[in-house]
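Note that the sequence shown ends on residue 1033 in this note's numbering; no numbers are left out.
Treat the hints with caution; some may be incorrect.
[Stated by the list, open to error] Simulated pairs of lysine-lysine, DSS-like, Cα-Cα distance not exceeding 25 Å:
no., residue 1, residue 2
1, K799, K926
2, K966, K908
3, K966, K859
4, K821, K921
5, K945, K799
6, K859, K773
7, K926, K837
8, K858, K939
9, K771, K821
10, K626, K771
11, K859, K927
12, K676, K634
13, K908, K939
14, K859, K1000
15, K921, K908
16, K799, K821
17, K799, K723
18, K945, K921
What the hints contain is simulated information worked out from the structure, not anything from laboratory work.
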Amino acid sequence: MQLQVPTRLMKCLSLSSLPATTTLQELASSQPKGIAKVVLKKGKAQLFKDGSPMVYSGAVDRIIGRPPPRTGDVVLVADGTEKPIAWGLYNSVSMFCVRLMQLEEEAARDPSCALNMDRLIETRIDAALKLRRSLGLPSANTNAYRLVNSEGDRLSGIIVDVFGELAVIASSSAWVEKYKPEIEACISRIDGINHIKWRPSIEILKDEGVDVLDLKEMHQSTCPERTKVLENGISYAISMDGQKTGFYADQRENRQFISTISNGKKVLDICCYSGGFSLNAMRGGAINVTGVDTSLPALELARENIILNNLDPGKIAFLREDATEFMKGALSKKELWDIVILDPPKLAPRRKDLQSASGMYRNLNALAMQLTKRGGLLMTCSCSGAMTQSGIFLRILQGAASAVGRKITVIRQASAACDHPVDPSYPEGTYLSNILLRVQ
């Protein structure tokens, strides 16, 4: 489906009639209102020419323009000679001084989007939609997927997850809040989407200089607080008050893999949330499944999901208990499982947390390995970007194995599902590690 450009926007798209060789400087000069220029320090331009979308304040030498740009304003980004290399959106307080939207050569090829956020938003969302359609999403057995994945879809600061007829928009940048009406208009025109839920990331937006006191009131909506979705043929109840956007679509392909190896197995699912891995294990023929989580609302959803999928409640149990305490207790009782799944919450939200998080990952995995039958399988995960990007997760797992006298072999390594694209020029967008180990 093509997104249609509203009439009000077509009237202001006179830039599209400019010749394809028009430069950003010429386009900026044609604007009735002056556009400020953010000049980079010497030697810093190549990083952004190569595609990195985030201009850190430390890379900026000076800003040309009076009055100075305000947060959310369109600005040119130039090299040390003041020659524009790109344009983007300015932030006066964030460590991300500019989020780049289009490079010089892109603007020359498609001037209709140059310096025009309304048009660029529509173009990028349309491209994201086409990509998901080419991946077969949604489908007859899956209607929960990620439509926009921030930098991976070249819209840094916004995530859009689709759950059936409901779209959840998670904003983590000031520019996203500024362009809320335009974004919602684009999403609402997509076939099948009838409700939109806006979920601002409050703590991140504070760092972006957004006044968050009235955000909740601004983002009130009439969309349902609960909905049901289908993923790989399994039904899930979703709460809009749940974690992140309400459902972890990133593990879809890894959950399905579990269903292919669970036949006749005894399965333990630590940090099970609403039961995604557990339900797939049962659907795959597991003889019994135990799910453990500390969140009562999540476990209530998990138990509801047993009923939704007509599963035998005698073969699947969800327990409210701390992961470490449960595993220590099971170890003292000498309990063992054929397959153990460990998917803890984000333990290293920032790089400075990496050292302390490493110890937590090591301790959790050491316990999980001891609960895995010799020759059994452990699927262990990290959703901490700092951990995944550090490249030390496997080393931590090896350390955990050595500490408890186990030998591990890597069987499978995976990340987020294919509807979570990553821009290679922004590796910080890589966050999920999913590693399947044989434990001996």
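Each hint, compared with the structure:
no.: 1; hint: K799 x K926; in the structure: violated (47 Å)
no.: 2; hint: K966 x K908; in the structure: holds (20 Å)
no.: 3; hint: K966 x K859; in the structure: holds (10 Å)
no.: 4; hint: K821 x K921; in the structure: violated (35 Å)
no.: 5; hint: K945 x K799; in the structure: holds (19 Å)
no.: 6; hint: K859 x K773; in the structure: violated (47 Å)
no.: 7; hint: K926 x K837; in the structure: violated (35 Å)
no.: 8; hint: K858 x K939; in the structure: violated (28 Å)
no.: 9; hint: K771 x K821; in the structure: violated (31 Å)
no.: 10; hint: K626 x K771; in the structure: holds (19 Å)
no.: 11; hint: K859 x K927; in the structure: holds (14 Å)
no.: 12; hint: K676 x K634; in the structure: holds (12 Å)
no.: 13; hint: K908 x K939; in the structure: violated (29 Å)
no.: 14; hint: K859 x K1000; in the structure: holds (21 Å)
no.: 15; hint: K921 x K908; in the structure: holds (23 Å)
no.: 16; hint: K799 x K821; in the structure: violated (32 Å)
no.: 17; hint: K799 x K723; in the structure: violated (33 Å)
no.: 18; hint: K945 x K921; in the structure: violated (28 Å)
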